[in-house]
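Residues per chain, in single letters:
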Amino acid sequence: MAGVATPLPPCSITEIPRGTPKEGVPPVVEFKGVTKTFNANTSKAFTAIRDVTFSVEDVEGHGEFVAILGPSGCGKSTVLRQIAGLAPHHPPTRGEVLLAGKPITGPGPDRGMVFQDYTSFDNRTVLDNVAFGLECRGIAQKERYELAKEWIAKVKLNPVKDAYKYPHQLSGGMRQRVAIARTLILKPRVILMDEPFGALDPATRHNMQDLLIELWREVQATVFFITHDVNEAVFLGDRCYIFSNSPGTIIHQFRISPPDRPARHIMREKSFLETVYHVREILDGLEEGKT
Amino acid sequence: MEALRRFATRFSDWATIRDRPSALQSAVMSATCIALALFIWYIVTAGPVEERIVDPITLPSLADTVHSFPKLWFERALARGAIASLGRVLGGFILAAAIAVPLGICAGSFLRLNAFLRPISIFGRNIPIAALIPLTLMWFGLGELQKVMFIFFASVAFIFFDTVRSVEDVPDSYLDAAYTLGAKYVPRHGAKWAAIVGLGYAIVFGAAYYRLAQRPGPNDIELIAAWRIGFAQVSIFGLFLGFVLWFPPLAYQAIQKVLMPLAMPDVVNSLRLLFGLAFGYIMLAEVINADYGLGAIINLSQRQGPREHIYLSLILISLLAFGIDRGILTVQRWCFPYKRMGEQ
Numbered sequence: 000m001a002g003v004a005t006p007l008p009p010c011s012i013t014e015i016p017r018g019t020p021k022e023g024v025p026p027v028v029e030f031k032g033v034t035k036t037f038n039a040n041t042s043k044a045f046t047a048i049r050d051v052t053f054s055v056e057d058v059e060g061h062g063e064f065v066a067i068l069g070p071s072g073c074g075k076s077t078v079l080r081q082i083a084g085l086a087p088h089h090p091p092t093r094g095e096v097l098l099a100g101k102p103i104t105g106p107g108p109d110r111g112m113v114f115q116d117y118t119s120f121d122n123r124t125v126l127d128n129v130a131f132g133l134e135c136r137g138i139a140q141k142e143r144y145e146l147a148k149e150w151i152a153k154v155k156l157n158p159v160k161d162a163y164k165y166p167h168q169l170s171g172g173m174r175q176r177v178a179i180a181r182t183l184i185l186k187p188r189v190i191l192m193d194e195p196f197g198a199l200d201p202a203t204r205h206n207m208q209d210l211l212i213e214l215w216r217e218v219q220a221t222v223f224f225i226t227h228d229v230n231e232a233v234f235l236g237d238r239c240y241i242f243s244n245s246p247g248t249i250i251h252q253f254r255i256s257p258p259d260r261p262a263r264h265i266m267r268e269k270s271f272l273e274t275v276y277h278v279r280e281i282l283d284g285l286e287e288g289k290t
Numbered sequence: 000m001e002a003l004r005r006f007a008t009r010f011s012d013w014a015t016i017r018d019r020p021s022a023l024q025s026a027v028m029s030a031t032c033i034a035l036a037l038f039i040w041y042i043v044t045a046g047p048v049e050e051r052i053v054d055p056i057t058l059p060s061l062a063d064t065v066h067s068f069p070k071l072w073f074e075r076a077l078a079r080g081a082i083a084s085l086g087r088v089l090g091g092f093i094l095a096a097a098i099a100v101p102l103g104i105c106a107g108s109f110l111r112l113n114a115f116l117r118p119i120s121i122f123g124r125n126i127p128i129a130a131l132i133p134l135t136l137m138w139f140g141l142g143e144l145q146k147v148m149f150i151f152f153a154s155v156a157f158i159f160f161d162t163v164r165s166v167e168d169v170p171d172s173y174l175d176a177a178y179t180l181g182a183k184y185v186p187r188h189g190a191k192w193a194a195i196v197g198l199g200y201a202i203v204f205g206a207a208y209y210r211l212a213q214r215p216g217p218n219d220i221e222l223i224a225a226w227r228i229g230f231a232q233v234s235i236f237g238l239f240l241g242f243v244l245w246f247p248p249l250a251y252q253a254i255q256k257v258l259m260p261l262a263m264p265d266v267v268n269s270l271r272l273l274f275g276l277a278f279g280y281i282m283l284a285e286v287i288n289a290d291y292g293l294g295a296i297i298n299l300s301q302r303q304g305p306r307e308h309i310y311l312s313l314i315l316i317s318l319l320a321f322g323i324d325r326g327i328l329t330v331q332r333w334c335f336p337y338k339r340m341g342e343q
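Line by line, the protein sequences give chains A and B.
Going by numbering that gives the first Met the number 0, the first residue of the first sequence is number 0, and it counts up by one from there.
Going by numbering that gives the first Met the number 0, the first residue of the second sequence is number 0, and it counts up by one from there.
If we strip away everything but chain A, and leave its shape as in the complex, we get (with noise of 0.2 Å):
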C-alpha cells in the first residue's frame, strides 16, 4: 500500500492494544462476548467459543484483511459462519455479533463467503455460477452475463472458453477460482474465506494468493480469512487474530505491515521469515499444551 505511511519493512508485526473502540462510526464487525455452546443443557454440550470480542473498524476506502489462526477444532469456523449469520452456529448463545452497528439476524449477499470444499453449483456452467448473485437479484441475463464475464476474466479465467464449462470439467484452483469471482461480483462489505486454498497444491496456492490480493484491492471489502498456513496468513493479513484452543477464545492480535510484492517474492524477506517464526512458535505453543 503506497499510501500507508509506516516504514516497518513488509510483513513485520505489531500488537495491537486491547481497548474499547472509538465512538462514532460503529465498527463494519463487532464481536461483543461471543460465546457458541452446541446442545446447551445436555450431556453433549459443547462450546467451540468463548467470549470472543473484537471490532474491525471501518477505514475509508480501504477495508482490512484479517487473517485469524489457531489450532485445529478452536472455533475458527464458528466465527466465521456466526458473522455470515448461517445456522447452527448463528445465533450465538451469549454475546453480540454485530455488523454495523446491527445485531446479525441472518445470512446475506452483503457478507459473501468462500468454503474450503467445491460448492460450485454441479448443474451450473462457469459463466451461470458466477452470476448465480445477480439471478436471485433479479437481474436480466445479458447484463448479468457481461459483468459475470468481466469477473471471469478477472479471476483470470478464460471469459470464451471457459465460461461454458461446468465445475467437473475444472481443477480445483479454478473452481476456487470461480467461487471468489461469484462471491466478488456482488461487491459484499464483507468477504468471509474459511481455509478457501486448503486443499490446494503450494504452487497454485501463491498464484490464489496474489490474486486474492490485487482482487481486494481492487473491491476494498473486509476479508476475514481463516487458514493453517501461517505464509499465507502473514502474507495476506492486515492484522492477524490467534486463536486458544478449544473453547476457542482471540488470545493475541497483531498489526501486520503489507507485503508490497509477489507471494513468491516477499516469502524469502528477513522481516516476513521473523514474523512467520515468531507466529508458529505461539501456535506451537497451543498444539502442545492441547493434551
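Take these hints with a grain of salt, some might be off.
[Stated by the list, open to error] Here are the simulated BS3-like cross-link-like pairs (lysine-lysine), alpha carbons at most 25 Å apart as the crow flies: (1) Lys141/A x Lys183/B; (2) Lys256/B x Lys164/A; (3) Lys148/A x Lys183/B.
[As the list claims (entries may be wrong)] Here are the simulated distance ranges between beta carbons: (4) Arg124/B x Arg136/A: 40 to 46 Å; (5) Ser11/B x Pro201/A: 37 to 43 Å; (6) Pro87/A x Gln213/B: 53 to 59 Å; (7) His167/A x Leu23/B: 25 to 31 Å.
Source of the hints: derived by calculation from the structure; they are not laboratory data.
Note that the Cβ used here is the ideal one computed from N, Cα and C, for glycine as well.
Here the structure of chain A is known, so what remains is to put chain B in place on it, guided by the hints.
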C-alpha cells in the same frame, strides 16, 4: 488373430477385483450369456417330441417359439396390447410423479413436513403390491381407471421416498453458499409460476377424467350434468393441487435454484428405475382382469395356448422394458451432461 486377442480375456483379468473390461469385451460377455441361454434351450428341446430332455408342455422348442411370432403379432395384436399396457403404466406413473415429486421436494426441504409424512411413506412402501389389486377393484371397478390407480398406488410412495432422499442428499454447503450469495424467498415469483404449473395440472387432470370416467349416454341428462360437475371438480382440484405443491419449491430461490436442480438427476434416475418396476406391476393387474394388454395376452396364451406365446411375450416385454430404459437414460444424459449415471 490380433482381433481375437483384443476381446479375449485372460483368467487373471477375471480374478482381478474391479478390473474394467473394454466396451467390446463387455459386449462379448453379454452376447455369450445370451448365446449360452439359447444354446441350452436348444439342447434341452432338440429332436422329436418323445426324445426331448424337457417335454414341449414345460418348454416349447426354440424353433416353434420363433415360428409362433406372426400369430402373436397379427392374431393376438401384440403391438396394440403393448401400447395399451404402456398407456396404463404411463397414466398411473405420471399421476404419481406429478404428486410425489413436488411433495418430495417440499419434504426434503422442510424436515418437519417430512416427519409428518413419514408414516404414510413407510406404510405405502411396505404394503404388498398384489394386495392393492382387490382393493382397487373394489374402489374403481373393472375399467381402465382401476389399472391406472393401481399403478398410481403402487408407485407413489416409492417416488416420494426417493425424491426426499435425493433432496436430502444435497450437501448443506451448497445451501450455505446460496444464502451467502443472496438466495431469498420470493413469494410473487413463486405464486406466478405455481399458478402456471397449476393450470397444467388442471389440464392433465381434466384430460384424465375425460378419458377414464364412464361417460353417460347422450339421453341421460341428469347423469351428463353429474359427469360435467365431476369434470369441473377434478380440474379445479388439479389447479389447486399444482399450485399448493409447487409454490414452496418455486418461491424459495434456495430450492428452485439449488436444491431442486442438484437433486433432479437423482430424481429422474430413480423415476427411470421405478418406471421399470411399474411396468412389471401392470402385468399383475392385467393378468387378473383385462381384455387387452400384454398381461391379457400372457393370460390368454396360458389358458388357450399356444404356450410358445408366453415365452415369446416374456422376451419381448423384457426387450421393450430395456428399450424404454435406454431411451430414458439417453434423454437423462442429454439433460444432465454434468452427471454420469446409470452405467448398469
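Consistency of the hints with the structure:
1. With a CA separation close to 22 Å, the supplied pair Lys141/A and Lys183/B stays within the 25 Å bound.
2. Between the alpha carbons of Lys256/B and Lys164/A the distance comes to roughly 18 Å, so the proposed pair stays at or under 25 Å and holds.
3. Using a Cα cut-off of 25 Å, the hinted pair Lys148/A and Lys183/B holds, with the two alpha carbons roughly 24 Å apart.
4. With their beta carbons about 42 Å apart, Arg124/B and Arg136/A fall inside the hinted range of 40 to 46 Å.
5. About 40 Å separates the C-beta atoms of Ser11/B and Pro201/A, a value consistent with the hinted range of 37 to 43 Å.
6. Taking the beta carbon of each, Pro87/A and Gln213/B are about 56 Å apart, inside 53 to 59 Å as hinted.
7. For His167/A paired with Leu23/B, a C-beta distance near 27 Å keeps the hint of 25 to 31 Å intact.
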